[in-house]
Amino acid sequence: MRGGRVNARQGKQIDYKRRSDADRSGTGGASGRFLFCAEVRKIAKRAKQISPTVLRKRLFAVVMAVAFLFLLIFARFFYLQVVDGEDLRYLALDQWTREIPVIAARGVIKDRNGVVLADNRTAYSVFVRPNAVEDVQMTAVTLASLLGEDADALQERISSASVSELTVAKHVDRSFTEKLEEYDLPGVYYAQDNVRVYPYGELLSRVLGFTSSDNIGLTGLEKYYDAYLSGTDGEIAYFTDLVGAEVEGGASYLPATDGMDLTLTIDYEIQAVAEAAMQKVYEEYSPAVAQCIVLDPDTFDILAMAAAPSYDLNDVPRDDAELLNELSRNNLVSDIYEPGSTFKIITAAANIEEYYKGNPDAFSPQHVFSSSRTRSVDGTTIRCWSDHSNGKHSNQTLAEALNNSCNPCFTDIALSLGTETFYDYLELFGFGKVTGLDFSGEAQGMLLTESAVRACDLARIGFGQTVAVTAIQLACAAASAVNGGYYYRPRLVQSVSSADGSVTEEISPVLVNRTVSEQTSELLASLLEGVVSNGSGSRAYIEGYKVAGKTGTAQKFEDGVIAQGKYVSSFLGFFPADDPQYLALVIVDEPVGAYYGSIVAAPAAREIFEGIIEVKGIEPYE
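The numbering of the sequence shown is the numbering used here, which starts it at 1 and goes up by one.
Calculated from the structure, these hints are not laboratory results. A quick note: this is a predicted structure, and the numbers were derived from the prediction, not measured. Be careful, since some hints might not be right.
Straight-line distance between alpha carbons at most 30 Å, and here's what the computed DSS-like set of lysine-lysine pairs gives [claimed, not checked]: (1) K556 x K433; (2) K357 x K110; (3) K433 x K566; (4) K433 x K357; (5) K566 x K280; (6) K546 x K280.
Could you build the full structure based on these sequences and the hints that come with them?
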């Protein structure tokens with residue numbers, strides 16, 4: 001090819017020589033010069049015919065074209081260097097580096113006294129870099145024997161992998177990596193990982209929740225506070241050659257940032273007491289679920305949330321989605337139900353508060369209600385649960401109406417106060433809206449729109465029908481009614497801290513509003529103490545301690561009609577009655593055999609209170 005170019009040049013030289021010789025001889029030279037001059041004259045003539053304006057325009061067009069071309073080149077250069085430069089650098093870096101993740105330790109979850117409820121166990125993950133594997137078959141056979149897997153399948157995974165790094169095992173223990181080290185397989189690596197562990201297994205299972213295999217919170221507090229708990233992974237980066245082989249000495253280390261720790265409002269000792277009580281109820285009455293909330297009425301701190309049946313957080317039934325959903329669901333927060341007679345606490349509080357305010361439509365504590373078993377409202381007959389044959393429902397005051405849980409008396413109260421006034425209190429007590437608890441999936445309950453409420457609806461709401469609440473709603477409302485009228489936002493977490501124990505975020509109690517006066521709270525608490533000492537809540541009575549509360553028994557509805565034989569039994573109680581420190585709401589869904597709240601739920605509340613008295617060393621009153 002080079003010779004070809006030389007020949008071409010030589011050919012041109014010969015042509016020039018021949019032309020010169022012709023010119024000198026006079027045979028062809030004159031003709032050539034004539035032709036050349038003629039062409040020059042033609043060009044000159046055409047140039048004279050083009051005006052200066054046209055020339056300028058053509059020159060300008062050429063300049064603009066060149067400028068535009070230059071701008072295109074510059075723009076592309078700018079895009080590659082500035083706009084897309086970072087991505088290109090990462091792409092280049094990715095082609096020449098391999099990373100081993102350094103997994104961040106998930107934050108620890110502790111109770112209010114420092115008892116660890118969720119922790120981590122060191123484990124390891126094993127990776128294969130297909131490009132760095134020298135003998136695929138041997139590597140697959142060795143790994144398969146250690147893992148108890150099929151060698152052919154593993155070989156196929158390694159051979160066909162389209163990624164630079166393949167995870168072949170997660171959460172193996174140290175003994176596995178020690179065996180792996182003995183084989184010294186090129187292209188096989190391992191890195192430290194963490195496995196979530198729960199020291200108390202089933203304890204608080206519906207509240208703590210669980211994580212995925214990648215330590216991502218999926219349910220409960222693990223999910224709600226995942227951004228705090230998860231931390232940030234680090235990595236060890238190795239530089240490699242073109243075939244993916246590691247370059248000796250070429251490595252960098254980015255440390256992981258461990259997750260933040262949570263300190264809960266939960267008290268482990270009280271939680272254990274509540275769990276034992278719910279398990280006993282579950283075994284005795286075989287309900288769909290037995291559950292309870294224990295909270296501090298002064299702050300609305302959740303001290304316990306227990307439910308039976310439960311499950312072991314260290315052995316989550318992931319293969320049965322329906323069962324897992326049922327067992328992991330925190331019904332106390334996410335489910336609604338008709339409260340029945342426990343709602344009479346709210347109706348009584350509204351009446352007492354309005355009485356103290358001077359509302360003539362409110363009944364005085366000494367008012368004697370009609371002893372009739374029925375009330376006729378808008379053509380609807382409302383009946384008491386009792387047939388009144390025992391004479392207890394005759395000539396009742398508000399205290400006696402609470403003791404006997406007489407429905408018609410609370411119908412009278414709701415109707416007398418009227419829809420507008422009664423609904424004002426329902427709003428103050430937080431019904432029909434979420435409490436703001438730091439937990440996912442909180443329901444807001446069901447409350448008829450005020451404008452749509454008929455007299456018969458209002459009458460039923462007065463004794464806990466035609467209204468649906470969550471357990472956390474009712475517990476908070478009752479706590480406010482007896483703590484002096486202070487409604488706080490409930491909480492499950494009181495602080496977030498770093499691994500060294502320093503608090504980074506304090507979650508303090510938040511006062512939402514006032515509901516009733518301290519005077520109303522004091523009277524109401526004394527009336528509810530009478531329910532336990534002399535009324536339907538007698539099975540919650542503890543000698544030497546001022547226990548107060550209210551029973552509840554509500555029929556369940558299915559598809560808009562009463563479900564025969566299905567009830568929700570409940571008891572809402574607190575102690576000491578004159579200075580409430582502990583409030584408990586026990587709910588037993590569809591108990592078998594007995595169903596009255598006084599029989600099923602009240603004894604469970606007593607067991608919880610007795611357990612608290614024991615673990616906290618609370619002395620009886622003098």
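For each hint, the structure was consulted:
The suggested pairing of K556 with K433 holds, with an alpha-carbon distance near 22 Å, which does not exceed 30 Å. Proximity of K357 to K110 is assessed by CA-CA distance (about 45 Å); at most 30 Å being required, the pair is judged violated. As the CA atoms of K433 and K566 are separated by approximately 27 Å, the hinted pair is consistent with the 30 Å bound. Between the alpha carbons of K433 and K357 the distance comes to roughly 26 Å, so the proposed pair stays at or under 30 Å and holds.
A distance of roughly 20 Å separates the Cα atoms of K566 and K280; the hinted pair therefore holds under the 30 Å criterion. Distance hint between K546 and K280 is fulfilled; the C-alpha atoms sit about 24 Å from each other, no more than 30 Å.
Figure legend: structure checked against the earlier numbered hints; the only hint not met is number 2.
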